[in-house]
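The lines below spell out each chain.
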Amino acid sequence: MNQKKSFWKQLVKQRTLCLMALLPVIVIIIFKYVPMYGILIAFKNYKAAKGVWGSAWLDPVYKNYATFFKNVNCVHIIWNTLKIGVLTLLFTFPMPIIFALLLNELRGKYYKRVVQTISYIPHFISIVVVCSMLNGFGSTTGFFNDIRAFFGAARVDMNNGSTYFLPLYIGSAIWQGVGWGSIIYLSALSNVDTSLYDVANIDGANRWQKVKHIVFPSILPTTTIMLIMNVGNVLNSDYTKILLMQNSTNMSDLETIATFVYRQGIVEGKFSYSTAVNLFVSIICFALVFGANMITRRIDPENSMW
Amino acid sequence: MKKEQKVRNKVYIGSRTFDVCLIIFMALLSIVFIYPFLNVIAISLSSNRMISTGQVTFYPKEIFLEGYRLLFKEQNIFRAYGNTIVIAVATMILSLSLTSLLAYVLMVPDFVLKKGLAIFLLITMFFSGGTVPTYILIQKLGLYDTWWALILPGALSAYNVFIYRAFYKGISTEIREAARIDGAGEFRILTTIYVPLSKALYATFGLMSVVGVWNSYYEALLYIKEPDRQPIQMLLRKIVFASGTDSMNDTNLMLSNGTLNPLNVQYACVVATIGPILLVYPFVQKYFVQGMQIGAVKG
Numbered sequence: 001m002n003q004k005k006s007f008w009k010q011l012v013k014q015r016t017l018c019l020m021a022l023l024p025v026i027v028i029i030i031f032k033y034v035p036m037y038g039i040l041i042a043f044k045n046y047k048a049a050k051g052v053w054g055s056a057w058l059d060p061v062y063k064n065y066a067t068f069f070k071n072v073n074c075v076h077i078i079w080n081t082l083k084i085g086v087l088t089l090l091f092t093f094p095m096p097i098i099f100a101l102l103l104n105e106l107r108g109k110y111y112k113r114v115v116q117t118i119s120y121i122p123h124f125i126s127i128v129v130v131c132s133m134l135n136g137f138g139s140t141t142g143f144f145n146d147i148r149a150f151f152g153a154a155r156v157d158m159n160n161g162s163t164y165f166l167p168l169y170i171g172s173a174i175w176q177g178v179g180w181g182s183i184i185y186l187s188a189l190s191n192v193d194t195s196l197y198d199v200a201n202i203d204g205a206n207r208w209q210k211v212k213h214i215v216f217p218s219i220l221p222t223t224t225i226m227l228i229m230n231v232g233n234v235l236n237s238d239y240t241k242i243l244l245m246q247n248s249t250n251m252s253d254l255e256t257i258a259t260f261v262y263r264q265g266i267v268e269g270k271f272s273y274s275t276a277v278n279l280f281v282s283i284i285c286f287a288l289v290f291g292a293n294m295i296t297r298r299i300d301p302e303n304s305m306w
Numbered sequence: 001m002k003k004e005q006k007v008r009n010k011v012y013i014g015s016r017t018f019d020v021c022l023i024i025f026m027a028l029l030s031i032v033f034i035y036p037f038l039n040v041i042a043i044s045l046s047s048n049r050m051i052s053t054g055q056v057t058f059y060p061k062e063i064f065l066e067g068y069r070l071l072f073k074e075q076n077i078f079r080a081y082g083n084t085i086v087i088a089v090a091t092m093i094l095s096l097s098l099t100s101l102l103a104y105v106l107m108v109p110d111f112v113l114k115k116g117l118a119i120f121l122l123i124t125m126f127f128s129g130g131t132v133p134t135y136i137l138i139q140k141l142g143l144y145d146t147w148w149a150l151i152l153p154g155a156l157s158a159y160n161v162f163i164y165r166a167f168y169k170g171i172s173t174e175i176r177e178a179a180r181i182d183g184a185g186e187f188r189i190l191t192t193i194y195v196p197l198s199k200a201l202y203a204t205f206g207l208m209s210v211v212g213v214w215n216s217y218y219e220a221l222l223y224i225k226e227p228d229r230q231p232i233q234m235l236l237r238k239i240v241f242a243s244g245t246d247s248m249n250d251t252n253l254m255l256s257n258g259t260l261n262p263l264n265v266q267y268a269c270v271v272a273t274i275g276p277i278l279l280v281y282p283f284v285q286k287y288f289v290q291g292m293q294i295g296a297v298k299g
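Chains as they are written, first to last, in this note's numbering: chain A, 1 to 306; chain B, 1 to 299.
It is possible that part of the hints are untrue.
27 Å max Cα-Cα, derived DSS-like pairs, lysine-lysine [claimed, not checked]: (1) A:K50 to B:K169; (2) B:K115 to A:K50; (3) A:K112 to B:K286; (4) B:K140 to A:K47; (5) A:K70 to A:K83; (6) A:K241 to B:K225; (7) A:K212 to A:K109; (8) A:K241 to A:K83; (9) B:K238 to A:K241; (10) B:K225 to B:K140; (11) B:K169 to B:K115; (12) A:K9 to B:K115; (13) B:K114 to A:K13; (14) B:K61 to A:K270; (15) A:K9 to B:K114; (16) A:K13 to B:K115; (17) B:K286 to A:K109; (18) A:K50 to A:K63; (19) A:K47 to A:K270; (20) B:K225 to A:K270; (21) B:K199 to B:K114; (22) A:K63 to B:K140; (23) A:K9 to B:K225; (24) B:K169 to B:K286; (25) A:K47 to B:K199; (26) A:K13 to B:K169; (27) A:K270 to B:K114.
Since the hints were derived computationally from the structure, they do not count as laboratory data.
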């Protein structure tokens, strides 16, 4: 009782703080919590006039899921999403680490800084610009085809069909992310105690031994955390990019869950159905992060996120 | 003795070769990072004859400026620039002020609602409503086809609040205590002490939010219908990915008689879109790296 009273007393005393928090809290409730509540429409027959709560429940409530899993394209869409996600993770994840390790070995402080600064530039370019570039480079007279022609291969329109989608999608992701992604590893490396190197030198360790025994262990915690976060995002393919890379020739081949949600929900107005599909992905993503973290905790408790 | 010397020399030579290879490799890599930009600029300035025979690489050949002339004459690019700047500045101001308020409150050690608010924030990091519920909300609030739909939903991110708080925590609490004894209110302490002492933080996050807005198109694709209210990325998207829909104009005329290559206008618009960012990049890049490092230490 006494404690409760002091809580209210404290609250009144700190009313300025409460007032300061008020506006941000309102914004968060409206734009973060209200949409979470809106997920309910996944199980309802949403009618705009009746609102989220007023709309009738579906019969059965999982009807949207039944429809989705009966869809002939369902397996294809899930497979596509998985394929793009896993391959992207596989190829893009190690690149910043390798780049950081190489930068770390690079002699010449000034040169190193110049390379770093240049490598960050692609990160600041919008996805629309990157896709516009890909669109031009992949055309029959574009730069990618110049390379093919140089090696004696025939010129092909890479934007036609889905054959070249994955290399273009993943390659551009590496180009954009490798420099910027290396920052986090480089800052982990800069925290290494330099006396470790001195000791290694006295012991006559060669370069590779130093990398193996000093550099690797020092970036391992960062790597683990980044990996857990990336595994959680494996199904969240960059749909803003895929939407731009889709055209009439490859649309059916390149449908992923996120683009499916966009097309069904926003373009065709099937609000309940696409929310249901989106929720399905969110739950899997959450399970993936959780699973990845649990595995890390079992192997190496110190490096897990929680 | 002699043998040992030899082995050591070998290791040394191997290492030297590695150094040289690495320097060359990094130089090549730098070209890979920059070449696409040079190629885009070169093509936007070259004649159709040179582009269609694939002869343009690092620099323009047979200088041809029609792409830029048509871009500025027939596309509403200045309006798109203006729209983007207004949206970016509004997002930046709103995001910096709301985040500061919340981060400050969460930093005060004896604030009674601190724990509750932190959990309230943390939940938003793990769960979100997704595209459609947010879309419905925007429509219900009457924000559809207004810039508020682009500004408000992303104004506050829990992640940024925690980073701001970590930054504020680095400022000595004694200053705050002293100000309180002098009778300053909490809001005044934030605006007259914490904000001026966090200039690096604000420079970094202000710039990041401006670049973020400058580069985004998806929100505008969802929420903005009126062509006159579209930001720059949507204009680029229209020119590159939905070309040929305009009625007969100079562009189509010149395309049909072969003087203009479609890439002339498309890449001119790419250059116009990335130009401002590339121009300020050398001066502000240290703030971005700083921001990433603050995030890394905190995360």
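Taking the hints in turn, this is what the structure says about them:
Annotation: proposed proximity of K50 (chain A) to K169 (chain B) is violated, straight-line Cα distance about 47 Å (limit 27 Å). Restraint check for K115 (chain B) and K50 (chain A): the C-alpha separation of about 36 Å exceeds 27 Å, so the hint is violated. The hinted pair formed by K112 (chain A) and K286 (chain B) meets the criterion: a straight-line CA distance of about 15 Å does not exceed 27 Å. For the given pair, K140 (chain B) sits about 12 Å from K47 (chain A) by alpha-carbon distance, which is consistent with the 27 Å threshold.
At roughly 21 Å between alpha-carbon atoms, K70 (chain A) and K83 (chain A) fall within 27 Å of each other, so this suggested pair holds. Pair hint K241 (chain A) plus K225 (chain B) holds up; C-alpha atoms about 20 Å apart against a cutoff of 27 Å. With a C-alpha separation of about 23 Å, the suggested pair K212 (chain A) and K109 (chain A) falls inside the 27 Å cut-off, and the hint holds. Note on K241 (chain A) and K83 (chain A): the hinted pairing holds, with a Cα-Cα distance of about 16 Å set against a maximum of 27 Å.
For the suggested pair K238 (chain B) and K241 (chain A), the alpha carbons sit about 15 Å apart, so the restraint of at most 27 Å is met. With a CA separation close to 16 Å, the supplied pair K225 (chain B) and K140 (chain B) stays within the 27 Å bound. For the hint linking K169 (chain B) to K115 (chain B), the alpha-carbon distance of about 16 Å falls within 27 Å, and the restraint holds. This hinted pair checks out: K9 (chain A) and K115 (chain B) have alpha carbons roughly 17 Å apart, not beyond 27 Å.
Annotation: proposed proximity of K114 (chain B) to K13 (chain A) holds, straight-line Cα distance about 14 Å (limit 27 Å). Proximity of K61 (chain B) to K270 (chain A) is assessed by CA-CA distance (about 51 Å); at most 27 Å being required, the pair is judged violated. Using a Cα cut-off of 27 Å, the hinted pair K9 (chain A) and K114 (chain B) holds, with the two alpha carbons roughly 15 Å apart. Simply put, K13 (chain A) and K115 (chain B) have alpha-carbon atoms about 17 Å apart, close enough for the 27 Å limit, and the pair holds.
For a cut-off of 27 Å, the pair hint linking K286 (chain B) to K109 (chain A) stands: about 16 Å separates their Cα positions. Simply put, K50 (chain A) and K63 (chain A) have alpha-carbon atoms about 20 Å apart, close enough for the 27 Å limit, and the pair holds. With a CA separation close to 10 Å, the supplied pair K47 (chain A) and K270 (chain A) stays within the 27 Å bound. The suggested pairing of K225 (chain B) with K270 (chain A) holds, with an alpha-carbon distance near 19 Å, which does not exceed 27 Å.
A hinted pair counts as satisfied when its Cα atoms are at most 27 Å apart, and K199 (chain B) with K114 (chain B) qualifies at roughly 25 Å. Between K63 (chain A) and K140 (chain B) the CA atoms are separated by roughly 26 Å; this keeps the pair inside 27 Å, and the hint holds. Using a Cα cut-off of 27 Å, the hinted pair K9 (chain A) and K225 (chain B) is violated, with the two alpha carbons roughly 51 Å apart. For the hint pairing K169 (chain B) with K286 (chain B), the CA-to-CA distance comes to about 23 Å; that is within 27 Å, so the pair holds.
Our distance criterion of 27 Å between C-alpha atoms is broken by K47 (chain A) and K199 (chain B), whose separation comes to about 48 Å. Straight-line distance between C-alpha atoms of K13 (chain A) and K169 (chain B) comes to about 22 Å, which keeps the hinted pair within the 27 Å bound. A distance of roughly 40 Å separates the Cα atoms of K270 (chain A) and K114 (chain B); the hinted pair therefore is violated under the 27 Å criterion.
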